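J.: Below are the chains, spelled out letter by letter.
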Amino acid sequence: MRGSIAIVKKEVRTYFASPVAYVVLGVFLFLMGVIFAKFVALYQQYNMAQQFGQAQGITLDKLATYLYQNMAFILCFVTPFLTMRLFSEEKRQNTLELLLTAPLRESELVIGKFLSALTLMLIMLIVSFIYVLFMVLWGNPELKIIGSTYLGLALASACYVSLGALISAMTSSQAIAAIWTFIALLFLWLLQTLGNGISASLGPIQWGPTLVYISPLGHFNSFTEGLIHVKDIVYFVSFTLFTLFLTHRVVESNRWR
Amino acid sequence: MIEVKDLTKNYGDRLAVDNISFCVKRGEILGFLGQNGAGKSTTMKILTCFMPATSGTASVAGFDVFENPYEVKKRIGYLPENPPIYLELLVSEYLDFVANLRKIPSSNKKKKINAVIERCQLGDVRNRLIGNLSKGYRQRVGLAQALIHDPEVLILDEPTVGLDPKQVSEARGLIKSLRSERTVIYSTHILSEVAATCDRIIVIDRGKIVAQEAINSLGAAGATTKTELIVQRSAESVAQSLRSLQGVKSVHYQANGKERIVVETEPREEIMAEIAKVVVNNNAGLIQMSPVQLALEDYYLNLISGKRGVSI
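Protein chains in written order, with numbering that gives the first Met the number 0: chain A, 0 to 256; chain B, 0 to 311.
It should be emphasised that the hints constitute simulated quantities derived from the structure, not laboratory data.
Keep in mind that the hints are not guaranteed to be accurate.
Claimed, not checked - Here are the simulated DSS-like pairs of lysine-lysine, each with C-alpha atoms no more than 30 Å apart in a straight line:
1. Lys-24/B <-> Lys-90/A
2. Lys-248/B <-> Lys-276/B
3. Lys-143/A <-> Lys-37/A
4. Lys-90/A <-> Lys-109/B
5. Lys-73/B <-> Lys-109/B
6. Lys-109/B <-> Lys-4/B
7. Lys-90/A <-> Lys-207/B
8. Lys-90/A <-> Lys-225/B
9. Lys-165/B <-> Lys-8/A
10. Lys-109/B <-> Lys-8/A
11. Lys-276/B <-> Lys-90/A
12. Lys-4/B <-> Lys-8/A
13. Lys-4/B <-> Lys-108/B
14. Lys-73/B <-> Lys-175/B
15. Lys-207/B <-> Lys-225/B
16. Lys-8/A <-> Lys-24/B
17. Lys-134/B <-> Lys-165/B
18. Lys-175/B <-> Lys-8/A
19. Lys-4/B <-> Lys-207/B
20. Lys-73/B <-> Lys-111/B
21. Lys-8/A <-> Lys-108/B
22. Lys-207/B <-> Lys-165/B
23. Lys-225/B <-> Lys-8/A
24. Lys-90/A <-> Lys-108/B
25. Lys-248/B <-> Lys-90/A
26. Lys-134/B <-> Lys-110/B
On a predicted model such as this, the values are computed, not experimentally measured, just so you know.
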């Protein structure tokens, strides 16, 4: 465990020593800012409509759901930039040799790397509390729903980061790691749409619902509606653990190849 | 301290290390000599548990590198060919990170870091970014990394490559100062370096050990002695007569201007007397007669060329 803590300390230091953390945070906040501006405009429209007695079933909570679904999607864009260097840079700089010849278990290494990227993701989530603050100051949102949404965001972040770590462990090029991580996350995201498009069942398996289940989107959406289902938590946790297990295997295999 | 037995490593079809065996005693400095690509780094990577061998065994301080890598790693300090440094960290941050990796208790950490900074003369740069340091300093940071936990065994892969002459001699001094407290394996392809620092050398060529010698017995190991003669005149006729002597292996001479003859003989003292007699009989006017120390360089090239059947 001490090894993992050492890795986390070093990684977080490295994120902030290079422009990576600032650029990622900046891009994230910019995109969220654009979406939040749209969100505020919609909310004003809704308020005006209400004044004229023609409110159309749109509420602040409904709008907050859109906001956070967009945020989960933006995190997809941001994750590759945080995870791309985790292992690939160590390989390129020959520092993997240092890590693998130190009395450090591979599991400590993988957990440390995972936690350090997750820390950055959580920092972003914390920064995004500013939108909650605005909602509370000028509206009356359901805070319990927002709480469950943030739980969903944290779980989704863990699942994104684990996938990014796995892909980073498979290459020594940051750019390749970033591109593949992005493609993989986008693909997982789109499985939902794909699955919904398949209505016929081919053979014994109902492909449509299966694909929808594999995609993180549906699992995340129930959190934004204030529903904390055990199956969704199980999905995210098992996805993360399985991917970290694969990462561990890949890191271990570096020395055999 | 270190025992390697029948170690073999294949990279796909290519045989990198071919059935080598050797051992290193506690407190010994072993020079690992060979051309680039001879298998030095591969052997070191196996000893540090970075990669497994295809077959054979290796143990460090009694722990097998395959069965008990964790114990082995704890006892080894390793400086790879390219120092494993993070360019975006400060020297002090980097050493702190390595100390944590090495699981040095935090009560002791500061002391160890300061000690290693002093030992590797990094005091001036401890608060500078490693990325801004010169090659020599980076190498020293790498060395500090290998020494920080006071390992029993140090494995250094070409530690002086890229250093300027002053730094090279400092690095050698540092390595020598470790003698007797630590066991050191030290690889290089520079011969004067092993002569200056090591107790014993292993010459490795294309994955095989071609020689294992204590450093001071190297001269004799060549099995021939060279003698240089400088005469006033008639080097040619002297050379002719020398060729007919028993025990003389080869004679080279240079007649124009400076008359110089190099005689290669069996390493027997009587032959010297014979040679002197020939020179005097020819009335060549002997100016100088001196033994040529068989240089490490020659010895090394002989070994490798003998093996390959190519004259260099």
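J.: State the violated hints by number, sorted upward, taking the hints as numbered earlier in the document.
T.: 1, 6, 8, 9, 11, 12, 13, 16, 18, 22, 23, 25
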